[in-house]
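Take a look at the letters that make up each chain.
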Amino acid sequence: MTDVIVAGVGLHPWGKFPHKSWVEMGAEVALEAVKDAGVEWTDVEAMVSGAMQWGGSTGMRSGNTISAALGETGVPIANINNACASGGSLMRAAYAMITSGMHDSVLVIGTDKSPKGYFPSVPVLADEPQPPVDMVRWQVGIPNPAYWALEMRKRMEAYGSTEEHLAKVKVKNSRHGALNPYARYRKEFSLEQVLASPMVCDPLRLLEICATSDGAAAVLLVSDAKARRLGVNPPIKLAACSLASGEFGDPTIRIPLLSAASDDAASAPLLSESRLAAQMAYEQAGLGPEDMDFVELPDNSSWHELQYLETMGFCDEGEAEHLLDKGATTLGGELPVCPSGGFSSFGEATMAQGILQIVEVTWQLRGAAGARQVEGAQKAITEVYGAQANNSACILTT
Amino acid sequence: MNRIPVLEGSFVSEPEPALVGSRCRSCETVAFPASFTCPNPRCMDKDVAPAPLSRTGRLASWTTVHFPPPPPFVAPDPFVPITVVEVEFASEGIQVVGPLTGAGADELRMGMPMETVVEPYYADRDGEVIGWKFRPAEESNDD
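Order-wise, the sequence lines are chains A and B.
Read in this note's numbering, the first sequence has 87 at position 87, and its numbers run on one by one without any break.
Read in this note's numbering, the second sequence has 82 at position 82, and its numbers run on one by one without any break.
Here chain A stands alone, though its shape is the one from the complex (with noise of 0.2 Å):
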């Protein structure tokens, strides 16, 4: 099996930009990826593309999109989503292509645009038997926060967390995001100044709760040989790319469910998908979360880097608030999250989140990440969150 190298990396800036179309951002990233790898837009085998269901019908089919404004070359094109795990799911199938033998080089494109506010859900068949389970639990009043906030509430129960353990996440990460020339938000907020921001869904408040941007992220997987025939260097290896899915019993409400297994009944761990991939990955990889440098995981929320760090394997459970309150966790520590800003800093874009992740790590490890670099980097694990059970890990080394 060949290894698989990033050959190159496009990203936008992210925020809002009401005067410039997906389409735009996502071709610019494209292109952006292709030339630094140095290779042309017709020397692409194959590409994956975010399937945006904001973008209506032509955003569905993204790639195709961007293709047709970039020049059509007759590639295959996939289209596929994955709620917020989107980015993950595209990397792991450039992966499989290029692993299976069948493309030398493969073009990963995300691009999307957020509505405002709470994810609304998508238009549905008016004449179906039943309304979407998704209708329903906007119905009796239940927002994508909120299943965070109740998990978020047993976690204090249980180990004692505090309100302060989640705003110093968001003080963390916002000091992150201030040294990110691509982030939305470049401000470094005070403890006291996110403890004063609107509560959402308590105990997690409006900076604990990643906003809904505009963005876009690109990346070009080759395979071992035409790295070398194109001269990448240094060859950032995809070292592992897992997907995985939610197992029976396990206890998470799953966004837009309306129940799970109960906590005494449950025969699976909790987020039991996130589990999976991130040890998928650790095994395809040979290594562990102990051999990482640093992690770019899916900090939706503040409970989510929090829990993340115990369902990623680098602390037991219970003991991420004490990676935090003892500093291991910001840029300098012993592992530093989300040296990015995470989506804390850059808001969530579902389709592109989990390739801004392989975007900075790429440059974290060639040593290009300027004031936010990770001292010596060279192996790092990234992560994201998809609504309804589904989740990619990927590691990336020197």
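Rather than coming from a laboratory, the hints here were simulated on the basis of the structure.
For glycine and all other residues, C-beta sits at the position ideal for the given N, C-alpha and C.
Check the hints yourself; a few may be wrong.
[Unchecked claim] Quick partial rundown of chain B residues pointing at chain A, CB under 10 Å, derived from the structure:
no.	residue
1	Pro68
2	Pro69
3	Thr101
[To be verified] Below are the DMTMM-like pairs computed for lysine to aspartate or glutamate, each with C-alpha atoms no more than 25 Å apart in a straight line:
no.	chain 1	residue 1	chain 2	residue 2
4	B	Lys46	A	Glu24
5	A	Lys35	A	Glu24
6	A	Lys116	B	Asp124
[As the list claims (entries may be wrong)] Between beta-carbon pairs, the in silico distance windows are:
no.	chain 1	residue 1	chain 2	residue 2	range
7	A	Thr58	B	Ser91	24 to 34 Å
8	A	Ser57	B	Pro81	45 to 55 Å
9	A	Asp127	B	Glu16	31 to 41 Å
10	B	Lys46	A	Gly376	51 to 61 Å
11	A	Thr58	B	Phe36	29 to 39 Å
12	B	Val80	A	Trp41	29 to 39 Å
13	A	Pro115	B	Asp77	19 to 29 Å
14	B	Thr101	A	Gly367	54 to 64 Å
15	A	Gln378	B	Phe36	42 to 52 Å
16	B	Ala105	A	Asp127	37 to 47 Å
17	B	Ala105	A	Pro181	37 to 47 Å
18	B	Pro70	A	Glu157	24 to 34 Å
19	A	Asp291	B	Val80	43 to 53 Å
20	A	Gln193	B	Thr101	31 to 41 Å
Model the placement of chain B on the given structure of chain A, informed by the hints.
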């Protein structure tokens, strides 16, 4: 006013309010809302029938939603925050989310008994949307 169940078959009001899910006759897995099949991957019989859940469960978690949910929810103006609770039904091995009623969030404590009631969620131009809610119950020995 026309009363519209939020999800047909997901609860009953008579003789007493209760959630209705499905139970597999073969492996006893309970699902809520009711499913046409059994979600247990190791069960190949998948022989399900509607099944009412216990009326009373225990509080597993809660959160108060301070910003109005988007349509189809019809939020009062000014918005009244909604407390969403997670209630564990031990004999069914399931936890279910729903709005709190009959108490404030400050009266809640983990593990307290909660009972199922049926109440309006909101009214829109077609009528009043009704569904399940949970309220604190007396301690009892039967759950």
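| query | Quick check: which numbered hints come out false for this structure? | reply | 3, 4, 7, 8, 12
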